[in-house]
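Listed in order, the protein sequences are those of chains L, R, C and Z.
Positions in the first sequence are counted from 1; adding 335 to them yields the working numbering.
Positions in the second sequence are counted from 1; adding 335 to them yields the working numbering.
Positions in the third sequence are counted from 1; adding 20 to them yields the working numbering.
Positions in the fourth sequence are counted from 1; adding 20 to them yields the working numbering.
It is worth saying that the hints were derived from the structure and are not from the lab.
You may find that some hints are simply not true.
[Unchecked claim] The calculated DMTMM-like cross-link candidates involving lysine to aspartate or glutamate, where the alpha carbons are at most 25 angstroms apart (straight line), are:
#, chain 1, residue 1, chain 2, residue 2
1, C, K199, C, E254
2, R, K455, C, E257
3, L, K410, Z, E138
4, R, K402, C, E147
5, L, K402, Z, E261
6, Z, K199, Z, E261
These figures come from a predicted structure and were not determined experimentally.
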Amino acid sequence: MSAVDAAALTAWVREFARLVHEQRDALTQLDAAIGDADHGANLDRGMTAAVAALEAQPADDPAAVLKTVATTLIKTVGGASGPLYGTFFLRAAGALDGDDGRALAAAVRAGYDGVVARGKAERGDKTMLDALGPATDALDEALAAGKPLGEALGAAAQAAAAGRDATEPLVARKGRASYLGERSAGHVDPGAASTTLLVEAAATALAGRG
Amino acid sequence: MSAVDAAALTAWVREFARLVHEQRDALTQLDAAIGDADHGANLDRGMTAAVAALEAQPADDPAAVLKTVATTLIKTVGGASGPLYGTFFLRAAGALDGDDGRALAAAVRAGYDGVVARGKAERGDKTMLDALGPATDALDEALAAGKPLGEALGAAAQAAAAGRDATEPLVARKGRASYLGERSAGHVDPGAASTTLLVEAAATALAGRG
Amino acid sequence: MKKLINDPADVVPEALRGLAAAHPELRVDHENRVVFRGDAPRQGKVGLVSGGGSGHEPMHAGFVGVGMLDAACAGEVFTSPVPDQMAAATRGVDGGAGVLHIVKNYTGDVMNFEMAAELVQAESDTEVVSVVTDDDVAVQDSLYTAGRRGVGVTVLVEKLAGAAAEEGRPLAAVADIAKRVNVNGRSMGMALTSCTVPAAGRPTFDLPDDEMEIGIGIHGEPGRRRVPLAPAREVAEMLVEPVLSDLDMTGGDGVIAFVNGMGGTPLLELYLMYAEVVAVLEKAGVGVARNLVGSYMTSLDMAGCSVTLLKADDELLRLWDAPVRTPSLRWGA
Amino acid sequence: MKKLINDPADVVPEALRGLAAAHPELRVDHENRVVFRGDAPRQGKVGLVSGGGSGHEPMHAGFVGVGMLDAACAGEVFTSPVPDQMAAATRGVDGGAGVLHIVKNYTGDVMNFEMAAELVQAESDTEVVSVVTDDDVAVQDSLYTAGRRGVGVTVLVEKLAGAAAEEGRPLAAVADIAKRVNVNGRSMGMALTSCTVPAAGRPTFDLPDDEMEIGIGIHGEPGRRRVPLAPAREVAEMLVEPVLSDLDMTGGDGVIAFVNGMGGTPLLELYLMYAEVVAVLEKAGVGVARNLVGSYMTSLDMAGCSVTLLKADDELLRLWDAPVRTPSLRWGA
Ligand SMILES: Nc1ncnc2c1ncn2[C@@H]1O[C@H](COP(=O)(O)OP(=O)(O)O)[C@@H](O)[C@H]1O
Ligand SMILES: Nc1ncnc2c1ncn2[C@@H]1O[C@H](COP(=O)(O)OP(=O)(O)O)[C@@H](O)[C@H]1O
Ligand SMILES: [Mg+2]
Ligand SMILES: [Mg+2]
Ligand SMILES: [Mg+2]
Ligand SMILES: [Mg+2]
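Same shape as in the complex, but just chain L:
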């Protein structure tokens, strides 16, 4: 089975960028309802730049791929999602040690921990953590149960989507939606929706790897 190498991670990044671009307006509409109507534009700008950066300087080293994405996002996105997604990729790059599924899962876990540390939110606060958290757990569990990476990422994507959907009834406690108080309930969190795309992109691009 082929490794989770630089090419595989680049494919993941490309697939995520493609999904974000495709869902740009949908993400912005989610953000319009309980935020400031820029999440789709923000991530699309950042991921377009990340793909361009990888094209301009293709990286051989898997960690370098993630690092390029991280610095590009931090330099181009801004807002809340820039530092959060940037930190996710930066910590993942730092933790990546190996080219198999377990190495990837450890990197994702480190990225997740980075988002928690940077954003100081908890699960249930109606943020991207509500999708990323369950996805990270599901990935670890599936691999621990001996599932192949493709299947494990599929489970992670399902967990992310379930987490995303579960944000709908929540009253936000972190991020811009928290300003709305009770009025934030009844809407899906835009960051949870984009994070689900991140995990879905991994399931698509990395199936058959690891």
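Given the structure of chain L, go ahead and fit chains R, C and Z with the ligands onto it with the hints provided.
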């Protein structure tokens, strides 16, 4: 037959005020199309004040009635119609000499001349003159032909209405509508419409006088 | 109609109360609806009076102060003030050196100011001179019509004649500056949306989502023509080109360029428009000596902008740089 | 979407070009989208840096100049700038006396400024202190949430801390002023209409003709509640009352009262609102020592307003009166 006395002129003023108030929105809509959407509000404010002034200090002298209306309009209307209607009543007051139909017609003629002098417009420029001019002529002609005042004012009102309608195709050369150039064609002039109400009010209120 | 008002009939006096509270350095005559410099009349200084319909704020009351107007009369919304107001203003700023009336060329404004001058001169020997601004190239200039509207150049006249008066120049000289500014200035405006006159309660005109009006004035009048919505770059051309073809602005000391918002236009867009205007001017070989970007002469809540260009010279630039201290225009020592 | 723009993606850099052209006294770093005082860095003076998403003009770039900010970073519309911008600004204003970051309390702004400070401090010994503003009483204050938004008080912090820095006070003292202003200031805002983010192309929320939003921020977010349209008099109560019940403003030296327009609100209405706000304050026994009325912290083309009250004291009033010379706030010698 009863005279064109202070009471009669006061009745004319009241009837004009009533019509203006009733047609306020219609006048403003005409002004919205080719002006600045204030003609109805302007005249309504002024005529309401004029009626109030006559109530506060009823005048015995017919010229005094017209003078009160004149100064009130000048003090409260502003815009183009304030000085023009004000001048109409001021000159009419100055020229009023007697309490019969001919005296009234002479006063109206003097008022008309005053509007021409103040506004420097000509008939055909798409202004109130296009209603007031024909009305003044018709009044003189009918009286010269020996018609009673009521009938003569009826003819004047018809002439005013015809003149008002005839402003529709004109391209404005004076007043705010002139700024629109060719686009001013296809709309009735608001001042011609309000002046028609002035003459119609006279026909209603002064019938049986003079 | 969505406005921060109470009864539409009370908008003007209530806003004047707010202005008075916000600017204790001004004196507001609420009965006559005249806003005075706190120290008016200034002995020996030519008094500058302007005024017009309300709804154009900060013009004119926002320009009352040192180096600009001595008094401003506030009419009803979009309706010229009445002669009594202008006469009260004129009396109140008469410091013995005469009074200049700065009048925008609208039939109503011209007639009411004329009657006010007659009133004042009938009772005193105050010298009153009127300067009428008529800079709007959207309107064809003709002897047989009301002529052109007075728009953006009025702000520049008030600033520059105000500086001349502050220097202590005599009435004739101050009036000459005002006329020179008017003769050398031209404007053109456009609207993205109509405005809503409070007393009317609905937009003056309907403008589809994909169209704009070119050649509007400042009273929510429809413009000369309606065209499809265009990028700022093209809007800048549509506004600057007719100004430049009406008056050659190349050479000399450059122009004072004034990009004005109509009341509902964010400053972000005005700066963006200013960049486009500068680009068009550069291509046309017109240099910019000074500029003013902001919403200074508005049309209630209308979204849109106007461009005013004034052919400058040494003296006008010096007067432009002179100190001004008013609620809405302020610079210098 | 009706805006004076070209490609929605280019709004910010294009507006910065216009700002640079209009204000040659400023220096604009177009690559980093940072607006500097022309004379930055000033040796020995604490450098003041702020910034945030664009769409709030004149905040922040319009407040760069003598007596206020040394640099402002412009993010995308309603999106916090990135750490690189803030780091470039910080380096560019460092005159050896340290740099104060004035940060509005939004998750994005806070995190990006944090990362910028880390970047700068990793490579130099520039001292950086951050003050976060969070004055919006529409948001419930809680340890378990993102807390309150930073809104109108930010303008006052920039003015007052700017004056302290201009006096040559050390970083700790300047930061103390900033914190004191934030602690003693409260705001509340409302919207008559939504705004339209250029990249989104349509209004952020729909608001029926007979309703308004109470408790909005400055990013076109919906407010805390939607209520029927009400006269200005009642709107003033709805805004002032929650401010006063959050912080007692009676007694002492009175307040600095700031009535702010959201971008699409005519000045006429803001003055009218100010009169109503003063009336409510009078009834509550709160004196007004100074005021500011105008559109200083906007939300693109949103129609609406906010009220900010700052409990003043001798020192704050003195700093308020100190000269300021920026594109959009200017007074004193
Ligand atoms: N403290 C936080 N921790 C984790 N995620 C957060 C936090 N604050 C905000 N988010 C996420 O960021 C998303 C909003 O991103 P975006 O719209 O790009 O930024 P902004 O809110 O600055 O406009 C939210 O939907 C939420 O998922
Ligand atoms: N020079 C003029 N001579 C005669 N009537 C005029 C002249 N200018 C304008 N009018 C009349 O005034 C009317 C407009 O009045 P109004 O709307 O109250 O004033 P404004 O144009 O100042 O808003 C026009 O419809 C026209 O009939
Ligand atoms: Mg957002
Ligand atoms: Mg009119
Ligand atoms: Mg009018
Ligand atoms: Mg944002």
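Take the C-alpha atoms of K455 (chain R) and E257 (chain C), compute the straight-line distance between them, and say whether it is at most 25 angstroms.
Cα-Cα ~36 angstroms, so violated.
Pair hint K402 (chain R) and E147 (chain C), alpha-carbon separation not exceeding 25 angstroms
28 angstroms, violated
Hinted pair K199 (chain Z) and E261 (chain Z), Cα distance within 25 angstroms
OK: K199 (chain Z) and E261 (chain Z) at ~23 angstroms, within 25 angstroms.
Is the Cα-Cα distance between K402 (chain L) and E261 (chain Z) 25 angstroms or less?
Violated, because 50 angstroms separates the two Cα atoms, which is more than 25 angstroms.
Distance restraint between K199 (chain C) and E254 (chain C), which requires alpha-carbon spacing of 25 angstroms or less:
31 angstroms, violated
Next pair to validate is K410 (chain L) with E138 (chain Z); report whether the Cα-Cα distance is within 25 angstroms.
14 angstroms, holds
Of the numbered hints stated above, those contradicted by the structure are hints 1, 2, 4 and 5, listed in ascending order.
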